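2 protein chains.
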Amino acid sequence: MVQATDLPRNEDGIASALGILKQQFGDRFQTGDSIREQHGHTTTWIRNQPPDGVVFPRSTDEVADVIKVCATHKVPLIPFGVGTSLEGHVNAPAGGISMDLGQMNEILAVYPEDLNCVVQPGVTREQLNTYLRDQGLFFPIDPGANATIGGMTATRASGTNAVRYGTMKDNVIALEVVMANGDIIKTAQRAKKSSAGYDLTRLMVGSEGTLGVITKVTLRLQGIPEAMSSARCSFETVDAACQAVMATIQFGVPVARMELLDTASVEAVNAYSKLDLPVSPLLLLEFHGSEASVAEQSATFGEIAEDAGGTGFEWTTNAEERNRLWQARHDYYWATLQISPGKTAIATDVCVPISRLAECVARNNEMVEELGLTGMIVGHVGDGNFHTTLLVDMEDQDEIARADTFVGRLNELAISMDGTCTGEHGIGQGKRPYLTQELGASTRYMAAIKAAFDPDNILNPGKVLPD
Amino acid sequence: MVQATDLPRNEDGIASALGILKQQFGDRFQTGDSIREQHGHTTTWIRNQPPDGVVFPRSTDEVADVIKVCATHKVPLIPFGVGTSLEGHVNAPAGGISMDLGQMNEILAVYPEDLNCVVQPGVTREQLNTYLRDQGLFFPIDPGANATIGGMTATRASGTNAVRYGTMKDNVIALEVVMANGDIIKTAQRAKKSSAGYDLTRLMVGSEGTLGVITKVTLRLQGIPEAMSSARCSFETVDAACQAVMATIQFGVPVARMELLDTASVEAVNAYSKLDLPVSPLLLLEFHGSEASVAEQSATFGEIAEDAGGTGFEWTTNAEERNRLWQARHDYYWATLQISPGKTAIATDVCVPISRLAECVARNNEMVEELGLTGMIVGHVGDGNFHTTLLVDMEDQDEIARADTFVGRLNELAISMDGTCTGEHGIGQGKRPYLTQELGASTRYMAAIKAAFDPDNILNPGKVLPD
Numbered sequence: 001m002v003q004a005t006d007l008p009r010n011e012d013g014i015a016s017a018l019g020i021l022k023q024q025f026g027d028r029f030q031t032g033d034s035i036r037e038q039h040g041h042t043t044t045w046i047r048n049q050p051p052d053g054v055v056f057p058r059s060t061d062e063v064a065d066v067i068k069v070c071a072t073h074k075v076p077l078i079p080f081g082v083g084t085s086l087e088g089h090v091n092a093p094a095g096g097i098s099m100d101l102g103q104m105n106e107i108l109a110v111y112p113e114d115l116n117c118v119v120q121p122g123v124t125r126e127q128l129n130t131y132l133r134d135q136g137l138f139f140p141i142d143p144g145a146n147a148t149i150g151g152m153t154a155t156r157a158s159g160t161n162a163v164r165y166g167t168m169k170d171n172v173i174a175l176e177v178v179m180a181n182g183d184i185i186k187t188a189q190r191a192k193k194s195s196a197g198y199d200l201t202r203l204m205v206g207s208e209g210t211l212g213v214i215t216k217v218t219l220r221l222q223g224i225p226e227a228m229s230s231a232r233c234s235f236e237t238v239d240a241a242c243q244a245v246m247a248t249i250q251f252g253v254p255v256a257r258m259e260l261l262d263t264a265s266v267e268a269v270n271a272y273s274k275l276d277l278p279v280s281p282l283l284l285l286e287f288h289g290s291e292a293s294v295a296e297q298s299a300t301f302g303e304i305a306e307d308a309g310g311t312g313f314e315w316t317t318n319a320e321e322r323n324r325l326w327q328a329r330h331d332y333y334w335a336t337l338q339i340s341p342g343k344t345a346i347a348t349d350v351c352v353p354i355s356r357l358a359e360c361v362a363r364n365n366e367m368v369e370e371l372g373l374t375g376m377i378v379g380h381v382g383d384g385n386f387h388t389t390l391l392v393d394m395e396d397q398d399e400i401a402r403a404d405t406f407v408g409r410l411n412e413l414a415i416s417m418d419g420t421c422t423g424e425h426g427i428g429q430g431k432r433p434y435l436t437q438e439l440g441a442s443t444r445y446m447a448a449i450k451a452a453f454d455p456d457n458i459l460n461p462g463k464v465l466p467d
Numbered sequence: 001m002v003q004a005t006d007l008p009r010n011e012d013g014i015a016s017a018l019g020i021l022k023q024q025f026g027d028r029f030q031t032g033d034s035i036r037e038q039h040g041h042t043t044t045w046i047r048n049q050p051p052d053g054v055v056f057p058r059s060t061d062e063v064a065d066v067i068k069v070c071a072t073h074k075v076p077l078i079p080f081g082v083g084t085s086l087e088g089h090v091n092a093p094a095g096g097i098s099m100d101l102g103q104m105n106e107i108l109a110v111y112p113e114d115l116n117c118v119v120q121p122g123v124t125r126e127q128l129n130t131y132l133r134d135q136g137l138f139f140p141i142d143p144g145a146n147a148t149i150g151g152m153t154a155t156r157a158s159g160t161n162a163v164r165y166g167t168m169k170d171n172v173i174a175l176e177v178v179m180a181n182g183d184i185i186k187t188a189q190r191a192k193k194s195s196a197g198y199d200l201t202r203l204m205v206g207s208e209g210t211l212g213v214i215t216k217v218t219l220r221l222q223g224i225p226e227a228m229s230s231a232r233c234s235f236e237t238v239d240a241a242c243q244a245v246m247a248t249i250q251f252g253v254p255v256a257r258m259e260l261l262d263t264a265s266v267e268a269v270n271a272y273s274k275l276d277l278p279v280s281p282l283l284l285l286e287f288h289g290s291e292a293s294v295a296e297q298s299a300t301f302g303e304i305a306e307d308a309g310g311t312g313f314e315w316t317t318n319a320e321e322r323n324r325l326w327q328a329r330h331d332y333y334w335a336t337l338q339i340s341p342g343k344t345a346i347a348t349d350v351c352v353p354i355s356r357l358a359e360c361v362a363r364n365n366e367m368v369e370e371l372g373l374t375g376m377i378v379g380h381v382g383d384g385n386f387h388t389t390l391l392v393d394m395e396d397q398d399e400i401a402r403a404d405t406f407v408g409r410l411n412e413l414a415i416s417m418d419g420t421c422t423g424e425h426g427i428g429q430g431k432r433p434y435l436t437q438e439l440g441a442s443t444r445y446m447a448a449i450k451a452a453f454d455p456d457n458i459l460n461p462g463k464v465l466p467d
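First to last, the sequence lines map onto chains P and W.
Mapping of the first sequence onto full-length UniProt numbering: position 399 corresponds to residue 399, and the numbering continues sequentially without gaps.
Mapping of the second sequence onto full-length UniProt numbering: position 172 corresponds to residue 172, and the numbering continues sequentially without gaps.
Everything labelled a hint here was simulated from the structure, so no lab data went into it.
If you're wondering where the values come from, they're calculated on a predicted model, not measured in any experiment.
Treat the hints loosely; a few may be bogus.
Heads up, the list lumps identical chains together, so a pair's fine if it works in one copy or across two of them.
Here are the computed lysine to any residue pairs in the SDA-like style, where the Cα-Cα straight-line distance is at most 20 Å [unchecked claim]:
#	residue 1	residue 2
1	Lys274	Thr237
2	Lys68	Arg58
3	Lys186	Ser416
4	Lys68	Ala347
5	Lys343	Arg220
6	Lys186	Gln338
7	Lys22	Ala64
8	Lys186	Asn48
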């Protein structure tokens, strides 16, 4: 893959850092092959570029200590959560040290009255929600994978219910960050809003470990809704489903999730999850609110869907049925893998203004066909965000090349529609070529920030910024 | 005022820039005393520091032309909307050119299907909402004043309904910005969300004209709710009112506005707006949604308020009554001025975690009394944000000094409660001393961004960043 070019290694510096970290961290510094490979590994088709060692800090001070070692010896430092990112974010193209934050997994404080909490970066989404449940609270951002809060923050993650609750940028209140020289800063206080100075919080959210290592995250929380209902509705065409999505958003229905599966995706889900969903484009929805409100929202959506030609509309507040439906959606990745055993599922994502969504999906499907690929889509369509999954034989260079061509064309298409080359997966290594295409001269200012914050380029080099 | 220190002037550069701009802009470059004073003026107690000239560009290219002149001659350039900012944001402590963006006031595009629009920076909030009304859309951010969208973006404004709709940071999708060297950049595409690179949009939101001049703003819009209701409820104490606020937020009532007036504020509003609100702490609320939803929200709040000892709870969907109540809230500033004719109303703002709000307000009131001042509070309490208005005789140096002491103590108090020295007014000149106190080493990274983007410090010098 062109995206995973090796970068020059500072062999002397790396050797020095390895020695020092071994001495300082003992068993919490590992250099075995499999652990290194696992830490360069991401759920991606981008080839593995393992780091030279993996360190497991347990405190902000230890993070700062490691960074100072890396700064002194000019050695790359790559922050690592659980490695569920998709665009080569945790690869080590110039070698260096992977910093696994998994042992910094304490929930430091929950403030129920303020609807917020402070956690260490290694806390996972599911761990946090399990912890919060008894207090009637939850953290809504759900990218599918059981990612860490630190990783979700660093990649500006979102997912199925961003349509209602926003993305990580909307749900992080403040951060503690260790900078490239070891400075420990806080980006904001715990107040719900602030106009005090430049928004370093949002600058760090989505910076993919290239500007600093996140060591504490203050998150907004939500009260668990009194009631939840889920609904599904089939459509003859993707276009009709998109019309229903647009009308729902315009009508102001505060839908909590609204997912589109195309016909191929429905087939995959039916087969994997033993469901009998009608084999045509499908919308899956979830509504949160009071009992009366979710009933009203469901009914309103039902009318909108009917106007758009939807059929088989059903809704339920039954938790078991709801969970079964959403479990099927969450198992989507595994379902796609069953279609062509032995092939690898490559997930890419774009996001366009919702008015362009139907057209973008239609053109997407044409491009898949033109290139002789097997692909299907699923999407957080309330946000105009969808994922194309391609099934690729990683032994077949020609198929890989065609998949690469497809990803490029899809990105260009989204950009031409005033959309973005990534709605939620991030840039990492894989999408660097498209960032300049999308934002032009802005990338020079991103590079200026990077140079100001990390002049020796030790933090996650080779990511986000174009060459 | 210490906050409005004069800075060294580059007399030669200023003289050159004045000559060039006069030639290039003719009547659209003004140097008369009154227009200069008006452009250094803000609704503030900070003394006036007028610019040397005021230029009125009509296009992004003209903005870039002016900036290039200022860059060449190292002359300060201060972007100006309508001058309703409160912390000396548009003063010219080192002289230079005020850039009045009022003639760039076109609504460039509205995308009803996407619920967004693109406007020039000089469009005012009321102008935009008047334009949108026929399409069933509105832009929710309401800082009270009829500010420009550019100014609201630059100061990260919010206001009464931020509790539901967020602040400017949540409602700006993308920006076009002219940078200090004349580069024209776009910070994002029009897609609802993106993970493409560093969040320059949010970096510019709240940068108060120190990092670039905003020339286009893409805004999220909302559908006008099917129904709105307003409610009011009185409480014996501010503490009881705050308890009701916390319970309402925790219960997940999606309240659209929730304003607290203390007893002194109620008296002022009664006198000015000819109302007979009970003379005790008061909550004013607004609910948006379907008919059924606003009824349910109002009823839920009513129960919560009763539990907290609230009395005189009333709610209505009658538009006339609703407008009368909210007009009174909007006229608050004028109402306070009536209390002590001849005195100046000084508005300051802090924001704390909502669990600390009652305590912060109580201590605020003690401090007002301790310092022998006349003051009252009003607040966007759903966000933990409140304003203290002090009535000060600007001829009385001792009273001014005590007011200054008060502002400092209130900021320190809020910061000690994990709050911020400004929830929505911004730093400007007035709050620079408190930014470091609040965020410590972070301010060095803000300064690094400033130095990287504007190495000659021509964009709004003497603002935001501490010396």
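Hint-by-hint comparison with the structure:
no. : hint            : in the structure
1   : Lys274 x Thr237 : neither (23 Å within a copy, 59 Å between copies)
2   : Lys68 x Arg58   : within (16 Å within a copy, 50 Å between copies)
3   : Lys186 x Ser416 : between (38 Å within a copy, 14 Å between copies)
4   : Lys68 x Ala347  : neither (36 Å within a copy, 45 Å between copies)
5   : Lys343 x Arg220 : neither (39 Å within a copy, 41 Å between copies)
6   : Lys186 x Gln338 : neither (46 Å within a copy, 42 Å between copies)
7   : Lys22 x Ala64   : within (16 Å within a copy, 54 Å between copies)
8   : Lys186 x Asn48  : neither (33 Å within a copy, 34 Å between copies)
Of the numbered hints given earlier, the model fails hints 1, 4, 5, 6 and 8; all others are met.
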